[in-house]
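As you go down the protein sequences, you meet chains A and B in turn.
Counting in my numbering, the first sequence runs from 51 upward without gaps.
Counting in my numbering, the second sequence runs from 135 upward without gaps.
The hints are simulated quantities; they were obtained by calculation from the structure and are not laboratory data.
Because the structure is a prediction, the values reported are computed rather than measured.
Just to be clear, a hint being listed does not mean it is correct.
[As the list claims (entries may be wrong)] Part of the chain B face toward chain A, derived, beta carbon under 8 Å:
1) K255
2) V317
3) L422
4) F427
5) T496
6) M508
7) G517
8) S518
9) P535
10) E575
11) E579
12) E581
[To be verified] Covered, in the sense of this in silico footprint (three residues per stretch, anywhere, with C-beta under 8 Å from a C-beta of chain B), are these stretches of chain A:
13) 109-118
14) 150-161
15) 177-186
By construction, the Cβ of each residue, glycine as well, lies at the ideal position given by its N, Cα and C atoms.
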Amino acid sequence: MNGQGLLKGMLLTLRHFVESYADDIKYGFKKFSPDVDNFETRQGTQTRGVFTVQYPDEKLAMPERFRFVPFLVVEDWDDELNPGKDWCTSCGICAKVCPPQCIWIVRGDDPVTGRPIPEPEAFFIDIDICMNCGFCAEYCPFDAIKMDHDYELASYDRTTNHVFDKEKLSKEQRYWKNLAPTRAAEEADVRGGWEHKNFKKSWNTTKEQAQSAQAEKDTKRDEVRARKAAAADEKPAASVSDGPIIVGQPGKAPWEESEEIREKRRLGALQRKAIRAAKRGDG
Amino acid sequence: MVDMTAPDLDLKTGSIDDAIANLKEKFPDAVSDDTRAGYGGVIVDKGQLREVAQYLKQNLGFDYLSSATAVDYLGEGQHTTDDHLEMVYHAYRTSGGSALVFKAQTDRDDAVVPSLVPVWKGADFQESEVYDLFGIKFTDHPNLRRILLWDGFHGHPMRKDWKEPYYEEEAKPFGSRWPGGQVHRAEEKTIFGKNVQYPADIDLSRLTDISESKLYEGFGMGVDVQKVTHDGVETDQLIVNMGPHHPSTHGVFRMIMRLDGESVRDLEPIMGYLHRNHEKIGERNTWLHNIPFTDRLDYISSMGNNHGYVLAVEQLLAHNKRWKPPTYRAEVLRVLMVEMSRIINHLWAIGFWLNDIGAFFTPVLYFIEERERMMDFFEAVAGSRMMCNYMRFGGVFADLPERLRSTANLMNDRVRDYNTMQFLTEMINERIPRTIDDLEELLTENEIVKVRSIGVGILSKEDAINYSTAGPLLRGSGVAYDIRRADPYSIYPELDFDVAVRNEGDMYARYSVRVQEMRESIRILKQILPRLEYTANESATANNGSHGDKAPLGEAYGRVENGKGELGYYVVSAGNKRATSNPWRYHVRAPSFINLTPLGAMSEGMKVADVVGILGSIDIVLGETDR
Ligand code: SF4
Ligand code: SF4
Numbered sequence: 051m052n053g054q055g056l057l058k059g060m061l062l063t064l065r066h067f068v069e070s071y072a073d074d075i076k077y078g079f080k081k082f083s084p085d086v087d088n089f090e091t092r093q094g095t096q097t098r099g100v101f102t103v104q105y106p107d108e109k110l111a112m113p114e115r116f117r118f119v120p121f122l123v124v125e126d127w128d129d130e131l132n133p134g135k136d137w138c139t140s141c142g143i144c145a146k147v148c149p150p151q152c153i154w155i156v157r158g159d160d161p162v163t164g165r166p167i168p169e170p171e172a173f174f175i176d177i178d179i180c181m182n183c184g185f186c187a188e189y190c191p192f193d194a195i196k197m198d199h200d201y202e203l204a205s206y207d208r209t210t211n212h213v214f215d216k217e218k219l220s221k222e223q224r225y226w227k228n229l230a231p232t233r234a235a236e237e238a239d240v241r242g243g244w245e246h247k248n249f250k251k252s253w254n255t256t257k258e259q260a261q262s263a264q265a266e267k268d269t270k271r272d273e274v275r276a277r278k279a280a281a282a283d284e285k286p287a288a289s290v291s292d293g294p295i296i297v298g299q300p301g302k303a304p305w306e307e308s309e310e311i312r313e314k315r316r317l318g319a320l321q322r323k324a325i326r327a328a329k330r331g332d333g
Numbered sequence: 135m136v137d138m139t140a141p142d143l144d145l146k147t148g149s150i151d152d153a154i155a156n157l158k159e160k161f162p163d164a165v166s167d168d169t170r171a172g173y174g175g176v177i178v179d180k181g182q183l184r185e186v187a188q189y190l191k192q193n194l195g196f197d198y199l200s201s202a203t204a205v206d207y208l209g210e211g212q213h214t215t216d217d218h219l220e221m222v223y224h225a226y227r228t229s230g231g232s233a234l235v236f237k238a239q240t241d242r243d244d245a246v247v248p249s250l251v252p253v254w255k256g257a258d259f260q261e262s263e264v265y266d267l268f269g270i271k272f273t274d275h276p277n278l279r280r281i282l283l284w285d286g287f288h289g290h291p292m293r294k295d296w297k298e299p300y301y302e303e304e305a306k307p308f309g310s311r312w313p314g315g316q317v318h319r320a321e322e323k324t325i326f327g328k329n330v331q332y333p334a335d336i337d338l339s340r341l342t343d344i345s346e347s348k349l350y351e352g353f354g355m356g357v358d359v360q361k362v363t364h365d366g367v368e369t370d371q372l373i374v375n376m377g378p379h380h381p382s383t384h385g386v387f388r389m390i391m392r393l394d395g396e397s398v399r400d401l402e403p404i405m406g407y408l409h410r411n412h413e414k415i416g417e418r419n420t421w422l423h424n425i426p427f428t429d430r431l432d433y434i435s436s437m438g439n440n441h442g443y444v445l446a447v448e449q450l451l452a453h454n455k456r457w458k459p460p461t462y463r464a465e466v467l468r469v470l471m472v473e474m475s476r477i478i479n480h481l482w483a484i485g486f487w488l489n490d491i492g493a494f495f496t497p498v499l500y501f502i503e504e505r506e507r508m509m510d511f512f513e514a515v516a517g518s519r520m521m522c523n524y525m526r527f528g529g530v531f532a533d534l535p536e537r538l539r540s541t542a543n544l545m546n547d548r549v550r551d552y553n554t555m556q557f558l559t560e561m562i563n564e565r566i567p568r569t570i571d572d573l574e575e576l577l578t579e580n581e582i583v584k585v586r587s588i589g590v591g592i593l594s595k596e597d598a599i600n601y602s603t604a605g606p607l608l609r610g611s612g613v614a615y616d617i618r619r620a621d622p623y624s625i626y627p628e629l630d631f632d633v634a635v636r637n638e639g640d641m642y643a644r645y646s647v648r649v650q651e652m653r654e655s656i657r658i659l660k661q662i663l664p665r666l667e668y669t670a671n672e673s674a675t676a677n678n679g680s681h682g683d684k685a686p687l688g689e690a691y692g693r694v695e696n697g698k699g700e701l702g703y704y705v706v707s708a709g710n711k712r713a714t715s716n717p718w719r720y721h722v723r724a725p726s727f728i729n730l731t732p733l734g735a736m737s738e739g740m741k742v743a744d745v746v747g748i749l750g751s752i753d754i755v756l757g758e759t760d761r
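Just chain A, same shape as in the assembly (with noise of 0.2 Å):
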C-alpha cells in the first residue's frame, strides 16, 4: 500500500523518541546528576537511549592509548636521587620520526669535554604542526616522550603559546604512570623496573653522589647567572628599544582590543622575533 513504507520508517522514529525518554527514566532522571556514576551503561552496547555527553561539564576519560601533544617524561620532582631528571637522552630519534618535523632538539653538550651528554638542553614541540601522530613516543627507545590526554589547549595567542619549550614539555613520570598504567607497567616490564638503567652512568645511585650532583648543579646556575648578568650589564637592550612587551589587556579576547593594542601586540611580536634573532645570531 502507498504510503506504508513512509509509515514505517515514522514509527521508528518515534521510537527512537520514546526510548531516549525511558531511558531517562530508568536512571530515575539522574542521568547527568554527578553523584550516579551510570556512564558504562549510558555508553555501552546495550544502551538504546540517548548516549551524549553534556561537554564540558561532563567528560569522557580518554583510553589509554589517546594520543595528544606529547610530553617528556621525567624523574619526580621530589624524587631523593634524581629531581626532575630528564629520562630523555637527547638520542634525536623522535626528531627524526616526526613526520611534519616539529620537535627541535639541541642535544647536550659536557661544557669541558665537548662529548655528548645523555640529556637534552633543550626541547622544543611546536604543537600548531604537531600532527598528534604519536610517532615519537612508540619510536623513542627510552621511553622518555610519551603522548598526553590534555586536549584542550587553544589559546587566545598562537605566537607565544604554542612553541613548547622543555620547561613546559616535562612531566614527573607519576603522571604517565596515572595516564597508562597498563602500559607504563608493561615498559618498566621490558626495562627491568620502573629506573632507567640503560644509562645509568649519568644517573646518582646514593644520597652523596645526588647531594654533590645538586652543589655542582647550584655553582653552575650561579656561574651563568652572574655572566649573564654581566652580559646584560656590557650591551644594555641591544636590538629592541626599551619598554615592556605588550600582550595584550588581561580579560579581553584579540578582537575586542583597540587599534592601537593590536598594532602593540604586533610590534611586540616582532621585537620577540628581533630577540630570537639576534639570540640565534643571524639577523
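Add chain B with the ligands to chain A, keeping to what the hints say.
The following block gives chain B with the ligands in isolation, referenced to the frame of chain A:
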C-alpha cells in the same frame, strides 16, 4: 594498421604474460619490456601509444584503466641516465586479475603525450591532473585544464625541480632539527615578505577574469544569459555556480551548471580548494612518515587508507633480505579495522546522501550514533578516532588492549570500562546489524526515497567501466568488480562473502549496494571474531621496530577496496644505489576524484535538486578528491 575486427576470446582472459607477449608480437617496434630493476610491464613508444591502448582494450580485454599518472626522472641516475617524464598506466580486466602496466616516456622540455581519453574516458581527470602537476600536454584531450591548482599558479609542482615556499631540504628528516635544533616558525622567516610566485604573463589586477573566463568559455558562452527557444517561447539559459560554499557539496567543491529552466544542460565540477599537494609532501617524507598523512585523505575511513599504503610499500620491502611479512594476527586485525571502516563509511555516505535528498539529519544522526561507538573502539586501539595511524610495515601499531578503559586523569572524567572482546562481540553480533535493520526499515521501502532516487542519475554499465569509476558507483551499475575478490589481498581469499551488485545504475541501486555491502561486512566481521580468539597469543607488531626502513629500488602499486572505491598507491623507490628512505614518487589513485569524472554525464537532463543527490550518491570526501 592493426586489425581490430575480430577480438579473440582466449586473449581476453589469458595471463598477463600472454597479453604482453601478444602485444609485443603485434607492435614489435613500439612495445618493449621494462627491464629496469624492480620494474615490470612494458614501455610503449608514445607515437603508437593510442593504438596500443586501443588494442589492449579491444582485443586483450583490458577494459578498465585504473590509474594514469606520471613520474619525473630528473637526475635520478640509477634506473635511467636521461632525464625524462614518464606516464604510467595501470589497466585491468573487469573480469579480474592483476594489472598490465604500460608506460610512455617523453622529453621534459617538450612534454607531449597522446591523450587516452578517446580510449578510456576515465583518463580525463587523471590526465588533467598530470598536466596540472607535471606539465605534460595531452594531444586531443577534450578539456585539458589545471584541475587542482588555479590558472595563476607558477610552474608544475610535482616536477623535481619545483620548490615550495619555505622549502627547506629535499627530504626529511631535516638537518636543522637535531643536534642543534632551534625552533623557528616558517612564517617568521618571511613575516611580511611575499613567498608566492606568479607566471610572468599574468596581470594581477585581472585575476578573477583570467581564472574564470576559460571555464565559462568551455560552456560556449560568457557569464551572460543566452536565449533559447522552446516551442516558440523564448527563454534564457543561464550559468549557475553551485558552491564552493554550498551545504550540499560536502566540503569546498563547486559545480558550474548551464541551466535551461530547472534542467541541467551541462555540468562541470571544479575542485582543488582543499589541495595541499599531498604527493609532494609525500615525496619529502620518509616511507614511514607517510602513514599518518594517508589518514588525512579520506578521513572517514583512515584505516583503509593506511592499509592501501602499507600494502604498496610492503611489496617493495619484501625484497629486503630480513623482511618478515605481517603475521596472521596482524592481517586479521587489519581486516577487522578495514571492515569496520567500511561500515562507518557507508553509514556516513547513506546518511549524508539522505540529507541531500531531503531527509534532513534524523537518519544520519542514528547512524552517527553507531559510528561513534565504533570510533570509541578505534580510539582505544589506535589512539585516535579519525586519524587512526594504525598500520605499520609488517604489522600494526599495537594489538587490541585488554579493556577499553582509562583511569581518570582530568577532573570530572567518567570512565568506561569494558572488555574489548566483549565490546566487539556485542557490536558485531547485535548493535551494528540492528542499526542496519533500522536503516532498512526507515528507508528501503520509503516512498519518498524511492521517488527521489529510482531512475535518477543513471550510469550505464559500459560507461561505469569506461569512466574508471569504482566502488558502489561501479557495482551499482551492474559490474561485479570488487578488488577483494577480483585481485585479492590480505586474508580475503579465505573469507566467505559476496560481492554486492545491482543492475539499475541509479541512485537507489547505489544505496542498495551500500546496504548490502554493510551486511557482507558484518558477515566478514563475524568470521573475524573466532580468528581473533585463536590467534590471541600471536604477535601483531612483530616487524615494526625500525623507524628507518629502507625500501629496495623498484615500483609498486598497492590497491584496496576502500569504502569509496578503489584506493591505489603507486610508489617508486629510486634515486639511490640500493635502497631509499624516501619515496621518489608517491601517487594516490583517489576514488573520490576519479568517481567525479562521470558527474557531468550523469547530471545531464536532470533537475538541479537531483544533482545534489547524485553528488551525494557518488560519495566523495574532499580531503581525498583534492589531495
Ligand atoms: S627519542 Fe626519546 S630519548 Fe631520543 S631525543 Fe626523543 S625523547 Fe629523547
Ligand atoms: S606526535 Fe607525531 S607530529 Fe607530534 S611531535 Fe610526535 S612525532 Fe611529531
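Violated constraints from the hint list, given by number and in increasing order | 1, 6
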